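Please build the complete structure, drawing on both the sequences and the hints.
For the sequence shown, the positions run 1 to 242 when this note's numbering is used.
It cannot be assumed that every hint is accurate.
Claimed, not checked - Calculated cross-link-like contacts (lysine to any residue; reagent style SDA-like; alpha-carbon spacing at most 20 Å):
1) K155 - H119
2) K76 - P47
3) K76 - L96
4) K76 - K155
5) K155 - G188
6) K155 - L96
7) K76 - D228
8) K76 - H119
9) K76 - D45
10) K155 - A175
11) K76 - Q43
12) K76 - I87
13) K76 - T106
14) K76 - L36
15) K76 - P21
16) K76 - R91
Simulated from the structure, these hints should not be mistaken for laboratory data. Keep in mind it's a predicted model, so treat the numbers as computed, not measured.
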Amino acid sequence: MTVVAQLGQGIRPLVDFVYPPRCPLCGAGLAGQDGLCGDCWSQLDIPAERDGLLPVAGGAAVPIHAATFYNDASRKLVLAYKHGGRIALARLLARLIAARLPVVATGNAPPLLVPVPLHRWRLWHRGFNQAALLAQELERLGKGEALVDGLVRSKRTPNLGGLGREARERALAGAIGPGRRRAGRIAGRDVVLVDDVCTSGATARACVAALVGAGARSVAVACFARVDDSHGTGKNETPEAL
Numbered sequence: 001m002t003v004v005a006q007l008g009q010g011i012r013p014l015v016d017f018v019y020p021p022r023c024p025l026c027g028a029g030l031a032g033q034d035g036l037c038g039d040c041w042s043q044l045d046i047p048a049e050r051d052g053l054l055p056v057a058g059g060a061a062v063p064i065h066a067a068t069f070y071n072d073a074s075r076k077l078v079l080a081y082k083h084g085g086r087i088a089l090a091r092l093l094a095r096l097i098a099a100r101l102p103v104v105a106t107g108n109a110p111p112l113l114v115p116v117p118l119h120r121w122r123l124w125h126r127g128f129n130q131a132a133l134l135a136q137e138l139e140r141l142g143k144g145e146a147l148v149d150g151l152v153r154s155k156r157t158p159n160l161g162g163l164g165r166e167a168r169e170r171a172l173a174g175a176i177g178p179g180r181r182r183a184g185r186i187a188g189r190d191v192v193l194v195d196d197v198c199t200s201g202a203t204a205r206a207c208v209a210a211l212v213g214a215g216a217r218s219v220a221v222a223c224f225a226r227v228d229d230s231h232g233t234g235k236n237e238t239p240e241a242l
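Written as structure tokens, this is what we have:
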């Protein structure tokens, strides 16, 4: 155990005394700071299959490793994390994502963990990139090497909520590309694109195209929640519409 980890363990009882652990969804008391109560855990809709598929250009598809389907419970967590400033939830969400990701083979180069980028104006307004925090937590969990500026969003795009697929793709055309100083790091590497929620897939497809264009050997998508209409989530209920 590192010195930092030992210090963290030592002050944890004090932190728990000052800030009693609470479920971030319902406020019920918990034994530890990172988790949900039993009732709220049961409300998360965990996919039975490990992977989904995201159709991309040319009739191909890339795997989506989603921790949950997007429903009321996961929606509340995403809103608290992304819009409520509860950035400490990144650790919990990343743990759930990590459970769906393949084990990194010993001796192989770890995949690059590249977050979906925010435009600089949105980053300044929000103060953080929620996908970048997830990528960094996934790195700490041994799921790859975070490259937080692997992609950049050079064009400010409108809110995509309520737009159809073609309108979303038009809005994203030319908006996302590899970071100028990082394109060489992507070439020949396996890449995991990280985001909090995968909605229509338009943003993910634009990111995948940029990564493939930069020479990525393979691309997969990892997210906390995946929108699936068969699980009762309509397009107007997604975070992009809030």
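Hint by hint, here is what the structure shows:
1. K155 - H119: holds (7 Å)
2. K76 - P47: holds (18 Å)
3. K76 - L96: The given pair, whose Cα atoms are some 15 Å apart, holds under the 20 Å limit.
4. K76 - K155: violated (29 Å)
5. K155 - G188: violated (27 Å)
6. K155 - L96: violated (31 Å)
7. K76 - D228: holds (17 Å)
8. K76 - H119: violated (24 Å)
9. K76 - D45: holds (13 Å)
10. K155 - A175: holds (5 Å)
11. K76 - Q43: Answer holds: K76 to Q43 is near 11 Å, not above 20 Å.
12. K76 - I87: Measuring from Cα to Cα gives roughly 14 Å; hence the hint holds.
13. K76 - T106: Judged against 20 Å, a Cα distance of about 37 Å means the pair is violated.
14. K76 - L36: The given pair, whose Cα atoms are some 12 Å apart, holds under the 20 Å limit.
15. K76 - P21: holds (18 Å)
16. K76 - R91: Roughly 16 Å between the alpha carbons, so the hint for K76 and R91 holds.
In the structure shown, a violation is registered for the earlier hints numbered 4, 5, 6, 8, 13, in ascending order.
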